[in-house]
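Given these sequences and hints, build the entire structure.
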Amino acid sequence: MGKWKTIAGVLLVLILGALTGSLGTEWFLKSRHPLFKQDPEQRVAFIMQRLSDRLDLSAAQRPAIETVVRRMDEELQRHLDQQRLEMRRILDSYAAVIKPMLSPEQQEKLAAFRQELEARRKNRRPPPEP
Numbered sequence: 001m002g003k004w005k006t007i008a009g010v011l012l013v014l015i016l017g018a019l020t021g022s023l024g025t026e027w028f029l030k031s032r033h034p035l036f037k038q039d040p041e042q043r044v045a046f047i048m049q050r051l052s053d054r055l056d057l058s059a060a061q062r063p064a065i066e067t068v069v070r071r072m073d074e075e076l077q078r079h080l081d082q083q084r085l086e087m088r089r090i091l092d093s094y095a096a097v098i099k100p101m102l103s104p105e106q107q108e109k110l111a112a113f114r115q116e117l118e119a120r121r122k123n124r125r126p127p128p129e130p
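Residues 1 to 130, numbered by this note's numbering, are exactly what the sequence shown covers, in order.
Keep in mind the hints are simulated off the structure, nothing from the lab.
Keep in mind that a hint or two might mislead.
[Stated by the list, open to error] Below 30 Å or equal to it, Euclidean Cα-Cα: the simulated DSSO-like pairs (lysine-lysine) are:
| id | residue 1 | residue 2 |
| --- | --- | --- |
| 1 | Lys5 | Lys109 |
| 2 | Lys109 | Lys122 |
| 3 | Lys3 | Lys99 |
| 4 | Lys99 | Lys122 |
| 5 | Lys109 | Lys99 |
| 6 | Lys5 | Lys99 |
| 7 | Lys3 | Lys109 |
[Unchecked claim] Cβ pair distances, simulated, as ranges:
| id | residue 1 | residue 2 | range |
| --- | --- | --- | --- |
| 8 | Glu108 | Ile65 | 27 to 37 Å |
| 9 | Pro104 | Glu75 | 38 to 48 Å |
| 10 | Glu108 | Trp4 | 14 to 24 Å |
| 11 | Gln82 | Gln107 | 48 to 58 Å |
Heads up, the beta-carbon is just placed ideally off N, CA and C, and yes, glycines get one too.
And the structure:
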C-alpha cells in the first residue's frame, strides 16, 4: 500500500504544481501586460498602437488593419477558450485516476482544493461555453 501512496502523492504534487504554476502565470500576465487584459478594446488598442508606431501606418490604413486585428483577437480568444476546456478535461481525468488511491480524508482535501481553485477561476473570467 505504501508504494501506491507514494505514486499518488507524486502525481498529486505534479498536478497541483501544474495548476498553481498555470494560475500564477495567468494572473501575473493579466495584471502586468496590456495584451493579456480581459477587455478586447484594450487589447486591440494596444496592438494598433504598436503597429502604428512600428509601421508608420497612415490614417487610410488604420481602419482596414484594425478590422483585421479585431478578427485576429476574436479568433485567438476562441482558441484560448478551447484550450482551457481541454486543460480542464485533462485535469479532471487525472484527478479521477488519483482519487481511488487516496484515503477518504485525502479525497475530501483534494475536492476542497479543487473547489477553491474553481472559485478563483470563476472570479477571474467567465468560463467558456462547453
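Now for the hints, and whether the structure bears them out:
1. Straight-line distance between C-alpha atoms of Lys5 and Lys109 comes to about 15 Å, which keeps the hinted pair within the 30 Å bound.
2. Straight-line distance between C-alpha atoms of Lys109 and Lys122 comes to about 20 Å, which keeps the hinted pair within the 30 Å bound.
3. Of the pairs offered as hints, the one joining Lys3 and Lys99 holds, with about 15 Å between alpha carbons and a cut-off of 30 Å not exceeded.
4. Proximity of Lys99 to Lys122 is assessed by CA-CA distance (about 24 Å); at most 30 Å being required, the pair is judged to hold.
5. Proposed proximity of Lys109 and Lys99 is supported: the alpha carbons are some 11 Å apart, at most 30 Å.
6. With a CA separation close to 11 Å, the supplied pair Lys5 and Lys99 stays within the 30 Å bound.
7. In summary, the hint linking Lys3 to Lys109 is supported, as the alpha carbons are separated by about 21 Å, within the 30 Å threshold.
8. Glu108 and Ile65 have their C-beta atoms about 54 Å apart, which leaves the hinted 27 to 37 Å range violated.
9. At about 45 Å, the CB distance of Pro104 to Glu75 agrees with the hint of 38 to 48 Å.
10. With their beta carbons about 19 Å apart, Glu108 and Trp4 fall inside the hinted range of 14 to 24 Å.
11. For Gln82 and Gln107, the hinted distance range of 48 to 58 Å is not satisfied, since their beta carbons lie about 30 Å from each other.
Hint check: violations occur at hints 8 and 11; the rest are consistent with the structure.
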